[in-house]
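Trainee: If you're matching positions, the sequence shown starts at 1 in my numbering and goes up one per residue.
A hint or two may mislead.
To be verified - Okay, derived cross-link-like pairs now, EDC-like style, lysine to aspartate or glutamate, Cα gap no bigger than 20 Å in a straight line:
id: 1; residue 1: 158; residue 2: 84
id: 2; residue 1: 371; residue 2: 70
id: 3; residue 1: 371; residue 2: 347
id: 4; residue 1: 147; residue 2: 266
id: 5; residue 1: 287; residue 2: 276
Please keep in mind that the hints were generated in silico from the structure rather than gathered at the bench.
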Amino acid sequence: MENVYWFKELSRDSLAEAGGKAANLGEMVNAGFRVPPGFVVSAGAYYSFLDFADLRGKIRARLEDLDAEDNEALNEASDYVKSEILSAVMPGDVRADVVRAYNRLCGVSVMPSSGQEKLVAVRSSATAEDLPDASFAGQQETFLNVKGADKLVRAVQKCWASLFEARAIYYRASKGFDHLRVGIAVVVQEMVDSEKSGVMFTANPATNDRNQIVIEAGFGLGEAIVSGSITPDTYVVEAGSMEIVSRDVNKQERMVSREGWTEVPEEIQEQRKLSDKEIMGLAELGKRIQEHYGSPQDVEWAINGENTFIVQSRAITTLGKEGVVGDDEEEGAEEQKVEAVGDALLEGAGASPGIASGPVVTVKNAKDAYKVKKGDVLVARMTSPDFVPAMKRAAAIVTDEGGVTCHAAIVSRELGVPCVVGTGQATTLLEDGRIVTVDGSIGKVFEGEMHSSIGRKAEPASFG
Numbered sequence: 001m002e003n004v005y006w007f008k009e010l011s012r013d014s015l016a017e018a019g020g021k022a023a024n025l026g027e028m029v030n031a032g033f034r035v036p037p038g039f040v041v042s043a044g045a046y047y048s049f050l051d052f053a054d055l056r057g058k059i060r061a062r063l064e065d066l067d068a069e070d071n072e073a074l075n076e077a078s079d080y081v082k083s084e085i086l087s088a089v090m091p092g093d094v095r096a097d098v099v100r101a102y103n104r105l106c107g108v109s110v111m112p113s114s115g116q117e118k119l120v121a122v123r124s125s126a127t128a129e130d131l132p133d134a135s136f137a138g139q140q141e142t143f144l145n146v147k148g149a150d151k152l153v154r155a156v157q158k159c160w161a162s163l164f165e166a167r168a169i170y171y172r173a174s175k176g177f178d179h180l181r182v183g184i185a186v187v188v189q190e191m192v193d194s195e196k197s198g199v200m201f202t203a204n205p206a207t208n209d210r211n212q213i214v215i216e217a218g219f220g221l222g223e224a225i226v227s228g229s230i231t232p233d234t235y236v237v238e239a240g241s242m243e244i245v246s247r248d249v250n251k252q253e254r255m256v257s258r259e260g261w262t263e264v265p266e267e268i269q270e271q272r273k274l275s276d277k278e279i280m281g282l283a284e285l286g287k288r289i290q291e292h293y294g295s296p297q298d299v300e301w302a303i304n305g306e307n308t309f310i311v312q313s314r315a316i317t318t319l320g321k322e323g324v325v326g327d328d329e330e331e332g333a334e335e336q337k338v339e340a341v342g343d344a345l346l347e348g349a350g351a352s353p354g355i356a357s358g359p360v361v362t363v364k365n366a367k368d369a370y371k372v373k374k375g376d377v378l379v380a381r382m383t384s385p386d387f388v389p390a391m392k393r394a395a396a397i398v399t400d401e402g403g404v405t406c407h408a409a410i411v412s413r414e415l416g417v418p419c420v421v422g423t424g425q426a427t428t429l430l431e432d433g434r435i436v437t438v439d440g441s442i443g444k445v446f447e448g449e450m451h452s453s454i455g456r457k458a459e460p461a462s463f464g
């Protein structure tokens, strides 16, 4: 196995050496889609590093008998392993290959001048060839706007260390995975200075409707949408007729740019992010990508001027096998039953279908997540991968920010937990201990507990 592969050297079959992210990027490059150029530091390079630094024994000894349910012990173990990885020396051949590839990406054969150095995104991509049901989304780190060979090498090492974030250790322990059988590749990709970006699902992830393309868009880089830090515009296109059936425009005050978080100019904060022409262009692109892969796709995209780039594409993991929740009459009847409980306290986007009741527990940050007990309604401004253990215990989830493609929405669907995102004011309106009913199918939160004859509890997603 080589230390570095360029995207064009990869295909969807390159999972073992490149991980899912890079394998799919290579697949799309070779299929003719516009993808920002880049390369991947292979899983083989990571394992060479572990052997060179003699870390396998230390990692195994520290994690072998760990009780992952003990939050303090879990964090201590995570800090120890990450520290060992970050303080170790990278093998000379691996470092040389990474620097050589970066120089080539910058268009030079030797060290580029400051003006020639390109900004890159450095993304982790876990690999587990013999664990086909594993899902490592969101567990490892991403570093944006990395510039210079030395900073890139450090970012690669930080990505390796992020394989042992507490949340990642917890996930592997809960699944019974051997920590050293899960490898990590690192994607290095030229940054797109995007004016707007977002996520497109070629099937509706909230309703399972495979005839709808859902596009979420925001100003700046897509990290703001994926993380759930903003509530994006949402556009829905009927795939059959290729008609735009809904345009939900939301005010955006902040965005992620090359300088980090910045203010959106006031004069455009309330403007829609995409024109109808751009919406249709993305929808057509989504149909082509789905046709290529043969299954509905979760696509991250970025627009710079007249150019639309694909930053990532992967299969949607949470669609039901039938593809549609139910007919309109059944959905309407369910909505009437739930609304009989009382007027809605809050309304947002229905991100994960199902109905559940429970007492509100507000979580301000990941350190407070332990407060969520089984059956509680988790309320937060947004969620991060560190919230996942609490999300597993929650009866339902409600957030201030985010759209149907953000972290909270995707994880909720994977867990089968009802979720409403983008309410704008859940953390200020819902006090702790208040009993509420959350309907993730219609995006509403009601006062009180639902009667047993009303609605239904969520069930885990059917993976198909």
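Trainee: The structure should be examined with respect to each hint, and the outcome stated for every one.
Mentor: Cross-check of the supplied hints:
1. 158 x 84: 11 Å, holds
2. 371 x 70: With a Cα-Cα distance of about 14 Å, the restraint between residue 371 and residue 70 holds, given a limit of 20 Å.
3. 371 x 347: The given pair, whose Cα atoms are some 25 Å apart, is violated under the 20 Å limit.
4. 147 x 266: Cα-Cα ~30 Å, so violated.
5. 287 x 276: 17 Å, holds
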